[in-house]
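**Q** Protein chains in written order, with the working numbering: chain A, 1 to 291; chain B, 1 to 361; chain C, 1 to 271.
Since the hints were made in silico from the structure, they are not lab data.
Everything hinted at is true.
One side of the interface only, derived from the structure: several residues of chain B facing chain A at Cβ under 8 Å:
id, residue
1, 43
2, 62
3, 65
4, 68
5, 70
6, 72
7, 76
8, 78
9, 80
10, 89
11, 94
Glycine is no exception: its CB is placed at the ideal position from the N, C-alpha and C atoms.
Read off the chains here:
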Amino acid sequence: MRKGESLAGWLLTLPAAIAFLLLLLLPTLAAVTLAFTDYELGEWPPHWIGLENFTEMWTDRGFLTSFRNTVVYVAIVAPVSVLGGLGLALLIESAARGRAFFRAVFFLPVVSLTVAMAAAWQYLLHPTIGPVNAVLRSLGIAGPAWLSSSDTVLLSLAFIGVWEAVGFNMVLFMAGLTAIPKELREAAAVDGAQTAWDRFRLVTWPLLGPTTLFVVTISLIRSVRVFDTVAVLTRGGPNKASEVLLYTMYTEGFTYLRLGYSAAITLVFLVIVLGLMLLQTRVLDRRVHYG
Amino acid sequence: MKSFGPTPVLRDVTLEVAPGEFVALVGPSGCGKTTLMRIVAGIETPDAGQVRIGERDVTRAHPGARDVAMVFQSYALYPHLTVAQNIAVPLLMRRLSLAQRLPLLGGLMPGSRAARRIMAEDVARIAAPLGLSHLLDRRPGQLSGGQRQRVALARAVVRKPSVFLLDEPLSNLDAALRVATRREIVDIHRRTGAATLYVTHDQTEALTMADRVAVMQGGQLLQLGTPSEVYENPADLRVATFIGSPKMNVLSAELGEDGEVRLQGIGTGLHSATRGPVSLGVRPEHWHLGGPWQAQVVEVEYLGEAALLHARLGDETVVVRAAPSSTAPAGSLVPLGFQGGLIFAADGRRLPLHEVAHAQG
Amino acid sequence: MGSAIRLGMLSALGLFVLLPYIWMLSASLKPTDEIFRASLTLIPETFAAAENFGRVFARVPVLDYLVNGVIVCAGILVFQLLFAVPAGYALAKLRFAGREFVFGAVMLGLLVPPHVPALPLYAGLSAVGWLNSFGALIVPSTISVFAIFLFRQFFKSLPDELIHAARIDGMSELSIVWRVILPNAWPAATAFAIFSVVAHWNDLFWPLIVVTGHERATPALGVLYFRTEEAGDDFGALMAACTIMTAPLILAFLVAQRRFVEGIATTGLKG
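Make a model of the complete structure from these sequences and hints.
**A** Shown next, in the form of C-alpha cells:
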C-alpha cells in the first residue's frame, strides 16, 4: 500500500509539476536572467550586460517618473480603499436590513469588466460632455480636464482605482467581522462598553487584526499592479504624468521591443511585491495572532 | 432584588431574588433559563414585562449601566489583552472618562495615572485569592480552561456588582475540576454579597450551591423554592422527575372509591380527594426490599456505596436504591415496599395527600 | 448611530458607486448630439438605443468577442482544475518522496506575480509561432499555484478516515480520487471557479500582449480596440459596447450573488 500511495502521489502531481516547470519556473528564471541582458526581440543572441539596465533605469527620467507615479498611486489607493472597505463593512454589518443588497451594490465594480468601466469613467470625467463637469458647471465651477491634464490625471486614476477596489476589501472585512464571536461583544457590553467607539476599540478592531493585515497587503499588491485603466484611458500621458510601472514594462517590452530592459523593470516589480509579502509575514508572526 | 416578566421564549415568568441570595436557574436545554439571564443582563430585551434591579427599572437600560456582571459559558475573554488587562476592563470603562481612555493621549489626561494605579491595585487584590497573581501578564490563549474561567470570574467581581450572573460556568470543565470549582464559586458569591443568578442544566449543581432553586421547562417557571423544597415537595411532575438522580420512579396508579391510591391493585396507604387515574412518584431511595409488591429484577448496577436494582413491576420498570449487600440476581423476584410516595394528577400537578389512619406501605 | 443615518449614508455611497453604470446605460441610449449637449438628464429625449447598439453590432464582432471570452475562461478553468485538484489532493493526503519540496515550490510560486513570466512566455510562444491563438491565451494560465494551494488546504480539512475507509474497502488509489475526492471537491471548486473566471474575463494585460487583430480578441481587448478605433467620438456606441461586454458577468453575479461573494471571500482569506 505504501508503494501504491507514493506512485499515486507522483502521478497526480506530475501534470501540475510539468506545467509549473514549463509555464512558471523556467519563464521566471528566464525573466530574471534577461534583466541582465540587452535582449531585443529579433536580435539574437542577447549579450550579458550586467547591471547596465538598472543603471539606465536610475538615470532614465521616464522610468523614475513611472516609479514615482506608481508610489503615489499606491499611497492613495491602498489606504483609502482599505479604510473605505472597513467603513462600508462596519456600516453594512450593523444595519438591520438590506445587507445583501448593499453588499451587491458595492461589490459590483469587482465583477465588472475593468476596461469597460474605465471607458464609462472616461465618459463621466470628460471635460466637455461628461456629467461630472456638467454638474460643476451648473454650480459655477469650471471643472478640470480630469484625465487629460497632468495635474489631475493621477488623482483621477487613483479615484477610479479606489472605486474598483473598495468593494473587494469590504467583502473581506465583512468575512472577518462575522468571525468575531458574539459572546465577546456581549461581554464588552456588560463590562460597560456603551458607545460604538468603545466597542470598536475593545472588540472589533483587535479581533480584525489578521483580516486587516491581509487586506492591507492585498490592497498594496493589487494597486501596484495597476495597468488596465492606464492602458485604456491615458496610455501613460499626458507626458508620462500617469505612467506606471507595469505600463512602462509593457511599452518597453512590446512597443520598443527592448525585452531585456523590460525584464529589468519586471525584476524591480517582483522585488517590490516580494518585499510587501515579506512585510506581511513579519508582522503576522509577531503582533497579530494571539496565543 | 430583581424581578422580570414574559417574552415569547419565556412565558409569564416572575422571579424575585433577594439581595445576597444565590438562585440557581435549572432545567433542560431550551427551557429558557439562559434567555432569562440574558434579559437580566440586558443582552436581550423582553417583549413585555420589566426588569428591576434594586429600586430601578432597568428594562431598557444598556447592560453596562445596570451594575450587573456576567460570566459567559465560553468565558468571552479578550484574546488580545493580558489577564490583568482583561480583569481591568470593567474598571476602565467605568472609572475613566472617554478622554482618559484614548490611546496614547489618555495617559496624559489629568487624574488618569492615579486612577490607573488604583485599578492595578484592585486587580491585584482580586487576582490573589483566585490564584491568578502569577498569570497577570499572560494572554488567554496561553491559559488552561480552568485558569481562563478564573479570569472570567475575576473580571466579573472586580467592581463589586450588585447582580452576579453565571451562565453554565462549569460545563466546559472536566469532571474533577467541576467539583472543586463549585465551592469556589459559592465562596466568591459570599464574598461579593451580590444577588447571584446561576444557570445550569445540572441539577446536582443547583441543589448543592443555591439558596433557592428555580426549575424551568418550556419557557415556564415551574417551581421556586429551597433545594429541599424542590426535592421533597415538587409542585409538578416535571420538577419531580428533573430533580434527583437517579430519576424519581413514576408509576401509573388509580384512585379507588375510598380515596386510597392503588398500585397494581394493592393499596398504598396514600389517600387523596381526587378521583381517576393518577401518577405515583417514588424516589429510588424510598423503595425498600420487603413489601406487598412483587417485581422481577432485570438488572443490577453496583455503585460501591449502594446498588441500583432495575426491576419490572407489572408493565413498568422501577429503579430501587438498595444496600450493596442486598443484590439479587437478575430474573429473581423481589418483594418491594415504599414510604414517602407522591401523587400527581394527570396534568402533572402535585396532589395533596390526606392524613388517614396510618397504613403499612 | 441611528439606523436612519446609517441607511442614508449607505444609500448615498451606494448611489455614488452606481454612477458609472447609470450613466453608461443612459449614454448608450442617447443619440450623439444629445450626448454632446452634456445635459444632466438621465432619460434620453430621443431613444437612440437601436442606433447605438446597432452600430456596435455592425462594426464590432461582439458575439465573437463574447464567445472568445467564454472559450478562454472555460478552457483556462478546466485545465486549472485538471492540474490543481489531483495535485492538491496528493499534497494534502498522500505521502510520497519530495512532497515537501513540491509544496515549497508551490508556496514560492505564490509570491511571483503573473506579469513576471509574461515576457519570456511571449518570446517562447513567438518562437513556436503560437501567438494569436486560443492556445496562447489559455495555456500560460493553466498552472495556477493559487489553485493548488487552495485545494491542498481544502483537502487537508477532509477527514482522513474517509480515505482510510475507502482503502479498507479495497479501492485503488486512482479510484479513490475519482470516486471519493472529486465529488467532495465541489465547494472549493466552485469558489475557485468564480475567482478564476472573474480574473480572466477581466484580464487585459495578457490578451493585449499575445493577440493582434479581432479574431481572437477577448471582451476586454475588444473594448480597448473599439475605444482606440473610435478616437472618442461615438460615445453612444462606445457606452453601448461597454454595456454589452460587461453585462454577462454582472448578470451572473446578480443571479448567484452569495456564491460569488463567498467564493471571493473564502479564496481571499485562505490565500
